[in-house]
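In order, the protein sequence lines correspond to chains A and B. Going by the working numbering, 199 is the number at position 199 of the first sequence; the sequence numbering is gapless. Take the position in the second sequence, starting the count at 1, then add 1000; the result is the number in the working numbering.
Everything labelled a hint here was simulated from the structure, so no lab data went into it. Since we're looking at a predicted model, the values are computed, not measured. Heads up, a few of these hints could be off.
Derived BS3-like pairs: lysine-lysine, alpha-carbon spacing no greater than 30 Å straight-line [claimed, not checked]:
1. B:1111 - B:1303
2. A:158 - A:462
3. B:1369 - B:1115
4. A:462 - B:1373
5. B:1111 - B:1373
6. B:1111 - B:1032
7. B:1115 - B:1032
8. B:1115 - A:354
9. B:1169 - B:1115
10. B:1303 - B:1373
11. A:71 - A:462
12. A:354 - B:1169
13. A:71 - B:1032
14. B:1169 - B:1111
15. A:462 - B:1115
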Amino acid sequence: MIDFNLIPVLPEIFLSLIGMGLLIVGASQGNVSTRVICWSATCGLVLSALILLSVGWETRSVLGGMFVMDKFAGFMKLMIIIGLVASLALSVRYLLQEGMERFEFPILVLFAGIGMMIMVSSNNFLALYMGLELQSLSLYVLAAFHRNSMRSSEAGIKYFLLGALSSGMLLFGISLVYGFTGSVDFEVVGTTLSDLDGMPIGVTFGLVFILAGLAFKVSAVPFHMWTPDVYEGAPTAVTALFAIVPKIAAMGLLMRLLFEPFMALSEQWVQIIYFLALMSMFLGAFAGIAQDNIKRLLAYSSIGNMGYALIGVVAGSAVGAGAVVLYLFIYMIMSAGVFAVVMCMRRRGMAVYKISDLAGLSRHAPGLAYAMAILMFSMSGIPPAAGFFGKLVVFNAAVAEGYYILATLGVLTSVVAAYYYLRVIKVMFFDEPADVFDGPIPFARRVVLFICILFVLGFVIKPSVFIASSFNAASVLFAG
Amino acid sequence: MVDFPLLSLMTFLPVAGALIILMIRGDEEIVKQNSKHMALYTSLFTLAFALFMYTRFDGSSAEFQFVEQGGWLKPLGINYHVGVDGISVFFVLLSAFLTPVCILSAWDAVKVRVKEFMVAFLLLESFMIGTFIALDAVLFYVFFEGVLIPMFLIIGVWGGPRRVYSAYKFFLYTLLGSVLMLVGLLALYAHTGTTDIPTLMESSVAPHLQYWLWLAFFASFAVKMPMWPVHTWLPDAHVEAPTAGSVILAGVLLKMGGYGFLRFSLPMLPEASAYFADFVFALSVIAIVYTSLIALVQEDMKKLIAYSSVAHMGFVTIGIFTATTQGIEGSIFQMLSHGLISGALFLCVGVVYDRMHTREIERYGGIVKNMPKYATVFMILMLGSVGLPGTSGFVGEFLVLLGVFQVNTLVAALAATGVILGAAYMLILYRRVVFGPRVNDDALSMPDLSQRELGLLVPIVLLVLWLGVFPGVVTEKIGPSVDKLITEYNAKLNAAAIVETSEAGDVQGAGE
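Please take these sequences and the hints and turn them into a complete structure.
The following block contains the structure:
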């Protein structure tokens, strides 16, 4: 019997309609309507969040088992929508300032968002691949969105080529798993794998290829090479989007995949994820030291942060999965704040990206400097900022499962990484002032920054709300 | 007892003060004045709360008092839990006492970004008090680490020429130690299922795990203390920090290490503490002798006092790990007295530094003529640091030596040489600065202590003398808590020894 219950898919359907409607508006009105479309897209996202909250998050799968809606998917989607709203709100003024006022931008962001929402809800390799590609294709175009800039085009091409390669690996892995289990449905794959006596080598191969493809999406070492170049080359609005949202979707997908169909293979994948986490933390910490471009620095910081998040996956427990969700949530909000500051780095109408351009910021823009300092302390995991609690839950999950060495190496790399976060603070507070940045800060950016700071500082007062909801969300992955 | 949240009020009052200061707007001069006054009054109120707590503190009980509990990281079972016992009560008082002193000492010395300085100091006060009252290990860690943020900014923004290097060194050194402690804490949590300090004190940990945990905690506390050979951040941080920063660093921050040993290592990991005691003795003796010798050849006044701090902290670690009543009471006393004396000595250096803008011992000499009040105050503090009977410095060192003599006479003898060396470098410093040849005309034209400086130093001097003559005020209140600590420590050790012998018996029995 075919199940036509579309209620759990309503947020995605609604967003698609909004996206297509705005496309028609844009096509008829031209680029002058960019601002209107941006804000309409933002409103659309907020409305879809409301729809998401009202569809009910109890576990059910629809569309012939292709699409699953549960607390985990619901929570991850909520995070994705928050991230998209934040990055759209941050970008509007940036697009105008950089002369990239083209109406496709918000629409591509919307479509990427739909792709991501499908990713975290997919219960079937085909749905997974469709969601992933919808997201990736939109993001490739976005990376090259600054048509007149060499760097941006280069970033787009690089991202596309490596992304296509990783998609290819992912597909190859999926085909191997399909060949050995006879299904692309997660549940069937899961039961087949757990019933097998010996593990066929082909399935392990397939798993390795799938993980390689997904590691590319979360930019885990050794599949991270695109990250610094794309972060640097892409327009800052797009970099902000890259830093804030797609990693949540990719991590959500990775967790669903590993904890549901591939749980029986955990002995195999734990080693791989262990290695990815360790290498990401090390590279993120050490390679960041030598950077003088703030966007590249943030690229390495995101690589390192994904390493910490992967520690929670290694733990392979409900506590670990909850820790990853919380970690991603906190990381997303910190990144949004940091990019709000980076977007304010403009002199005489030009964006500047050198860390040294922040020199003496505490003298001429103390508010901005304090915000950035708080975010940097939070990123380096110093309490009482929110970033510390993200690290705390992740390391706690690892230690609880007996991964002492991984946790110890993790905290040690966080000290190394603290060095470059401190450098940003040092430049802002201890160095002699450079020129003043262009003002004033746009209203939307102020609001985003204010909310981020409020979250980072206020988290310590009432942490249990966030911890409970993210642990609750992750627990459904282990319900079966 | 009181039934309102006294400790929380005391801890978060400075934060509230800092928030109000941040909101001060207007003319630059007015902002400066208002933020100074606001900071001073906030810290004085905190001190008043602390004194009130002290008067209500029941010294005959070894239990935690003024306890407050509430939900915090609920899903993980980690709670907001604070309270004080005899071990922590004096550290809270010390923090609350030294903060207004520091704020007053910076009154004229800090000229740029006054508002930010006051905010940083108030936040620092909150974190310091929080560290000493926290009864949950994660809460303790949050405060313990949080201290780094304001201190990093205090050294880096208001420090001397090499401030950036020193600020980094301070931050990264301490962070490196602390994160290892975090892993240790999490491992302890994984094995006992709680981070509640009183519960942890009563639960026992398997011996093989204890050794690793002890080392993890040691990494953090030894750096904070600081013990040889991880003390090298201290001279740099002291030399570059502004006077107020040095005072609080020497006065309170160093004590967090010793407090950590008393709160975590000794009661929670007794077997490992006994096992590593000789190791600690060795490091401490090296610290005492070696850093005293280094202090002898210093040309920079602040550096000399910084090295003397390392030596004095060596006595503290020895005292703690003797696990005798005298040793532990002595080390707590030594920490309090060192907090007052070295804090005041840094103030004394600050006094002449404000006038001459140099800390070179060479550049002074013969200032007793033009600064007689200063010479008197400095002399009492110097003698206190040397450990002259009648000052608080004597009580601490004497008790520690008494304690360690029962455990290890060699360590006692070697540590005692530190007292002699201490007398040597402090007396030399005093002679060269206060007496000595009258060659530097600018030094000879310095005005004597101002009213404000006198107001800062005299209370500390009186406290040093008072504690030296009536040490009972302190030892009476800390006595029950220390006794409880030692009784439980020995009980756990005995229990472990019984298990060990019975296991050995089992193995032998099985062998036969």
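Going down the list of hints, with the structure as the test:
{"no.": "1", "hint": "B:1111 - B:1303", "result": "24 Å, holds"}
{"no.": "2", "hint": "A:158 - A:462", "result": "43 Å, violated"}
{"no.": "3", "hint": "B:1369 - B:1115", "result": "37 Å, violated"}
{"no.": "4", "hint": "A:462 - B:1373", "result": "52 Å, violated"}
{"no.": "5", "hint": "B:1111 - B:1373", "result": "26 Å, holds"}
{"no.": "6", "hint": "B:1111 - B:1032", "result": "9 Å, holds"}
{"no.": "7", "hint": "B:1115 - B:1032", "result": "6 Å, holds"}
{"no.": "8", "hint": "B:1115 - A:354", "result": "29 Å, holds"}
{"no.": "9", "hint": "B:1169 - B:1115", "result": "25 Å, holds"}
{"no.": "10", "hint": "B:1303 - B:1373", "result": "24 Å, holds"}
{"no.": "11", "hint": "A:71 - A:462", "result": "22 Å, holds"}
{"no.": "12", "hint": "A:354 - B:1169", "result": "24 Å, holds"}
{"no.": "13", "hint": "A:71 - B:1032", "result": "52 Å, violated"}
{"no.": "14", "hint": "B:1169 - B:1111", "result": "25 Å, holds"}
{"no.": "15", "hint": "A:462 - B:1115", "result": "28 Å, holds"}
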